[in-house]
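For reference, the chains in residue letters:
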Amino acid sequence: MNEAAWFPPSAEEAADIGGEIHALVSRLFPICRSITGEGVRRTLAILSEHVDVAIREVPSGTNVFDWTVPQEWNVRGASIRTASGKTVVDIADSNLHLVGYSEPVARRMPLSDLRAHIHTLPDQPDLIPYRTSYYSRSWGFCMAHCDYLALEEGDYDVVIDTTLADGSLTYGEVFLPGETEHEVLLSAHICHPSLANDNCSGLAVLAFLARALAGRRRRFGYRFLFAPGTIGALCWLAANEDRLSKVHHGLVVSCIGDGGGPVYKRSRRGDAMIDRAIEVIRCDGRKVTMVDFSPFGYDERQFCSPGFNLPVGLLQRSAFGTFAEYHTSADDLDFVWPEHLASSFRMIMDIIDVIETDRIPLNLSPKGEPQLGKRGLYSATGGHKTTPEITMAYLWVLNLADGSHSLLDIARRSGLPFSTIATAATRLEACRLLGDVQA
Amino acid sequence: MNEAAWFPPSAEEAADIGGEIHALVSRLFPICRSITGEGVRRTLAILSEHVDVAIREVPSGTNVFDWTVPQEWNVRGASIRTASGKTVVDIADSNLHLVGYSEPVARRMPLSDLRAHIHTLPDQPDLIPYRTSYYSRSWGFCMAHCDYLALEEGDYDVVIDTTLADGSLTYGEVFLPGETEHEVLLSAHICHPSLANDNCSGLAVLAFLARALAGRRRRFGYRFLFAPGTIGALCWLAANEDRLSKVHHGLVVSCIGDGGGPVYKRSRRGDAMIDRAIEVIRCDGRKVTMVDFSPFGYDERQFCSPGFNLPVGLLQRSAFGTFAEYHTSADDLDFVWPEHLASSFRMIMDIIDVIETDRIPLNLSPKGEPQLGKRGLYSATGGHKTTPEITMAYLWVLNLADGSHSLLDIARRSGLPFSTIATAATRLEACRLLGDVQA
Amino acid sequence: MNEAAWFPPSAEEAADIGGEIHALVSRLFPICRSITGEGVRRTLAILSEHVDVAIREVPSGTNVFDWTVPQEWNVRGASIRTASGKTVVDIADSNLHLVGYSEPVARRMPLSDLRAHIHTLPDQPDLIPYRTSYYSRSWGFCMAHCDYLALEEGDYDVVIDTTLADGSLTYGEVFLPGETEHEVLLSAHICHPSLANDNCSGLAVLAFLARALAGRRRRFGYRFLFAPGTIGALCWLAANEDRLSKVHHGLVVSCIGDGGGPVYKRSRRGDAMIDRAIEVIRCDGRKVTMVDFSPFGYDERQFCSPGFNLPVGLLQRSAFGTFAEYHTSADDLDFVWPEHLASSFRMIMDIIDVIETDRIPLNLSPKGEPQLGKRGLYSATGGHKTTPEITMAYLWVLNLADGSHSLLDIARRSGLPFSTIATAATRLEACRLLGDVQA
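Chains as they are written, first to last, in the working numbering: chain R, 22 to 460; chain X, 22 to 460; chain C, 22 to 460.
No lab work stands behind these hints, which were simulated from the structure alone. Hints are not guaranteed to be accurate.
Chain copies aren't distinguished; within one or between two, either way the pair holds.
Computed list of lysine-lysine pairs in DSS-like fashion (alpha-carbon distance at most 30 Å, straight line) [claimed, not checked]:
(1) K406 with K388
(2) K406 with K308
(3) K267 with K107
(4) K406 with K395
(5) K395 with K267
Kindly generate the complete structure, drawing on both the sequences and the hints.
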């Protein structure tokens with residue numbers, strides 16, 4: 022494979038990508054999403070403006086493995102008012118105010134009864150928490166603890182104008198075919214309401230990745246999945262069970278727009294190529310923190326269940342549950358920054374670059390070092406105390422190009438970024454010092 | 022195997038166990054023990070009040086591997102008196118005063134000659150050291166260094182009223198048969214005189230373990246060995262050489278009553294099940310510090326010699342040689358506490374619980390996560406920042422129950438205590454989400 | 022193999038070795054060396070006073086793998102003078118002043134033109150750097166930055182009286198045959214001019230090692246190579262390509278006379294016996310810092326190229342490039358000390374001792390510990406808190422002498438020095454507790 026086979030994003034292309042992604046996050050943020058309903062459909066419609074999204078509808082009641090697709094939930098409004106008509110909570114102010122999948126309610130009740138239905142965060146008294154009750158008929162409101170404490174005794178009028186009825190679960194899929202049958206799965210959950218990092222950022226970054234990849238030569242096919250958490254992933258798995266063996270690499274992407282991390286949770290396999298590839302890329306010059314698989318998180322839980330055991334890991338900036346804004350109203354549009362969205366975009370492009378361009382080089386001059394100086398690849402003056410990184414990359418590639426190490430192996434062993442190793446290999450190939458192992 | 026097959030100690034049973042064990046330690050402490058003699062027999066007689074101990078006598082002169090059973094040593098008295106008749110050292114004050122296996126002496130000698138026979142600890146001047154001379158005819162006294170410095174020049178009358186004569190070496194054995202031929206060996210040395218932690222604690226804890234296990238269903242047979250160090254263990258090994266293959270797991274237990282550690286020294290094999298089991302239990306909520314095998318210590322030296330290589334490790338609270346009280350008169354009844362004896366007892370019960378109940382579970386719903394919520398095993402409300410340990414245990418068990426991981430493997434991989442993993446597995450079995458791999 | 026088969030250096034032999042080696046370093050230091058020329062020949066002539074060096078000459082233009090032997094370079098003089106005749110730089114003051122392989126020059130030029138040919142170290146303004154330009158026709162001077170700053174504007178007369186002409190590359194080889202065909206390669210580069218640690222120290226230490234080994238019984242043959250860096254090693258490899266399989270162990274030795282480290286860079290194989298042997302020796306009581314192979318450094322780059330992949334590592338005190346004196350005029354005779362040269366000499370002798378004497382012992386009394394006390398190998402008095410190192414060595418050797426561990430394995434596992442383990446094994450063999458595994 023020659024250098025021309027894969028084109029990294031041009032500088033022009035990357036320049037404004039952060040701003041563009043942030044603009045998309047901003048359009049997705051206000052929508053009231055859940056695991057079913059019009060919010061998901063509106064979200065997919067916006068994503069469809071960027072890439073060609075196939076919309077799938079799975080009817081309520083459909084059995085998927087151990088689960089059943091629930092009734093479709095839609096929201097027209099939800100509020101709490103004092104007996105005198107003063108609004109104290111209204112979903113119009115924040116989608117987080119209403120517990121996801123709350124059943125319809127319209128009644129007056131004293132505060133003493135209402136308390137059992139109110140969720141707050143006493144340790145973060147100014148923030149509204151995010152809560153759901155998908156599979157247990159219930160209702161509730163979320164509010165800032167300080168507002169909760171200010172509620173006066175007395176009766177309140179609770180109105181939850183929702184519908185829970187047979188309908189369908191909706192998810193979207195983008196597929197970009199590759200030169201081979203092998204596929205890369207990139208998945209982001211679409212079910213969270215107004216939480217910018219979790220996961221408007223994941224949806225937006227993947228949409229722009231799909232757009233960028235659509236114009237490139239691809240060894241692999243790329244499948245983007247925008248599905249509600251758990252039940253959506255299970256619906257996709259059930260619909261595609263006979264072709265899962267095509268998935269050679271995969272990433273679940275969430276919380277990808279803040280300035281932390283990055284953190285990568287390995288696939289259940291632990292040593293899949295995707296797990297190794299992420300060790301050799303950089304994000305804004307930083308290595309990715311690697312953590313071992315655990316069966317809690319996003320849809321890698323489903324992809325990595327023992328019956329599938331797909332090579333899919335979870336890529337994040339700050340890891341879920343570890344940042345103060347997680348699952349609160351502070352996960353808003355100010356929490357995700359264009360520059361972080363851009364560096365995350367480039368990081369995933371670099372990961373894809375590893376997958377697309379890795380190969381096993383063969384040193385064609387393996388006895389001693391070849392003379393790099395006469396080929397312009399080595400300093401003409403000797404004696405310096407330090408060695409440029411690209412020189413070290415030439416030496417590492419030549420030393421390990423014995424037919425048993427891929428470029429990825431060489432990057433891991435040398436501690437150098439894959440991009441530097443790949444550049445070195447390409448130049449050595451141009452000098453005919455390096456050939457390919459014929460598979 | 023169902024949950025009923027193994028019963029952990031009830032709360033009632035555990036409540037006073039520390040006090041009971043300490044009372045037994047207190048009865049054993051004053052006895053003057055060595056590797057042979059009446060002290061060992063009196064000790065075994067007291068242990069026999071708690072469990073059915075088979076007493077073995079091995080005649081002096083018997084060859085055991087590279088060793089010979091020595092003559093039996095008994096003590097009637099030992100003292101040093103000034104020429105004017107003032108007692109300066111008397112074994113009646115502490116069994117440690119007399120070097121173990123001192124030969125009979127009755128003579129007057131000047132202090133200048135006596136000095137060569139006196140052992141002290143200059144760095145711990147108030148404590149009496151513990152010394153022995155089993156295999157080299159000799160005699161000596163141990164005393165506090167400050168008392169030694171106070172000895173005045175002049176003649177002293179030394180009387181060591183001991184006998185060294187043909188007789189036998191004594192050890193005790195308790196065997197509780199199991200449902201299988203496989204055995205667990207639990208061993209404590211019985212040869213140390215008035216040292217509470219080393220090893221009255223080990224003898225007493227094992228006696229109570231034997232009593233507790235006697236009333237339970239047991240997959241494994243349990244063999245408790247109370248034998249003098251080195252030569253006693255060798256006698257047992259020689260007598261049981263043809264059946265050592267039945268020993269599937271084993272522990273040497275010593276210094277088990279203080280508040281340190283726990284510390285576990287792995288068997289020579291290093292990855293025996295006992296070595297792995299101890300990684301997943303807790304003692305008062307603390308993990309056990311694991312150290313690799315080394316060929317110095319207690320009778321694991323014999324069990325782990327290359328000709329036997331049994332899967333036997335050493336379990337201690339504070340490791341021998343590392344605590345200031347070790348082998349001194351400060352290792353007394355105040356150094357071992359009822360609560361530490363109780364937590365050590367429970368720790369060993371928990372280890373046995375791993376051995377008895379480990380199994381390879383099989384996820385019967387391996388495609389995606391099964392829906393735990395509908396079975397009451399998952400929070401009805403979603404969105405919380407943290408996850409209860411038992412929920413993590415369900416997810417870990419389900420994720421790794423692919424037929425190639427035992428509960429012990431799952432506990433090690435997850436970092437959760439075995440007891441939590443086992444509880445989760447039992448509940449998942451009750452829900453028919455988990456079955457057993459048929460061996 | 023019995024103890025007599027290998028004799029470590031006697032105390033007398035070792036006593037003055039540091040002074041003798043330093044005296045040799047002092048004779049080698051003033052010579053103006055490069056990768057070819059009379060400097061190399063004069064250096065080899067001095068080494069030949071100590072050991073029997075075979076001199077090899079390889080004609081200019083000879084192809085060796087990807088390289089060609091360059092023309093021979095010789096220097097008669099080099100200076101920079103002001104127009105008024107004042108000398109500002111003269112190679113007579115330091116060989117470092119002239120860039121290695123500078124082509125002949127005789128011309129007047131203004132300082133503004135001269136600057137491009139002057140190398141300094143702004144961060145170490147009092148030191149002269151070391152620079153070369155072997156394979157690119159060029160010329161230049163090196164000087165202290167403070168002197169460079171003091172140069173006044175105006176014209177300067179530059180004279181470089183060198184010759185670059187067909188001739189030959191010279192290297193030296195010492196071979197001491199062994200009882201077997203297997204060889205140990207010990208290599209030091211001979212091409213650096215007046216740099217005491219890098220590498221007069223390596224040349225001198227190896228010369229004394231060769232002299233010391235010449236008088237001993239040797240299982241292995243020892244091949245000492247004194248060759249110019251890269252091209253010299255390649256010449257040797259090309260001349261010996263058909264017999265490289267005889268090289269079972271090897272070391273490149275450089276920077277071996279300062280007080281740092283030691284640091285050992287493993288061979289490319291990473292687990293060659295030489296890599297493991299160095300873990301179990303000590304230098305002045307210190308362990309050797311082990312670092313993994315990297316393809317930058319001295320001639321291990323050639324020996325460990327993928328086409329050869331010889332089991333050769335790099336042994337240094339302070340690692341090249343990490344000490345302030347590296348490749349500067351501060352790497353002078355005061356930087357290398359007799360005591361460090363002596364401890365390095367002894368360290369390499371100890372490494373050779375591992376290679377020569379390692380064997381797989383077999384415990385002839387493997388059931389339980391044999392009774393060491395009756396053989397005088399164990400303290401007669403028991404109960405001490407600590408155990409002498411030699412006692413631990415007896416126990417480790419006996420415990421691991423199961424036919425699958427060599428003395429080197431036992432030293433690594435126990436953490437004890439090889440010398441202690443070897444002493445223990447020899448004494449246990451004398452007691453017939455240990456035999457040899459018959460290969």
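Results for each hint:
1. K406 with K388: within (26 Å within a copy, 57 Å between copies)
2. K406 with K308: Both. Shortest intra-copy (26 Å) and inter-copy (26 Å) distances satisfy the 30 Å Cα cut-off.
3. K267 with K107: Intra 57 Å, inter 79 Å, cutoff 30 Å: neither.
4. K406 with K395: within (21 Å within a copy, 60 Å between copies)
5. K395 with K267: The answer is neither: 45 Å in one copy and 33 Å across copies each exceed 30 Å.
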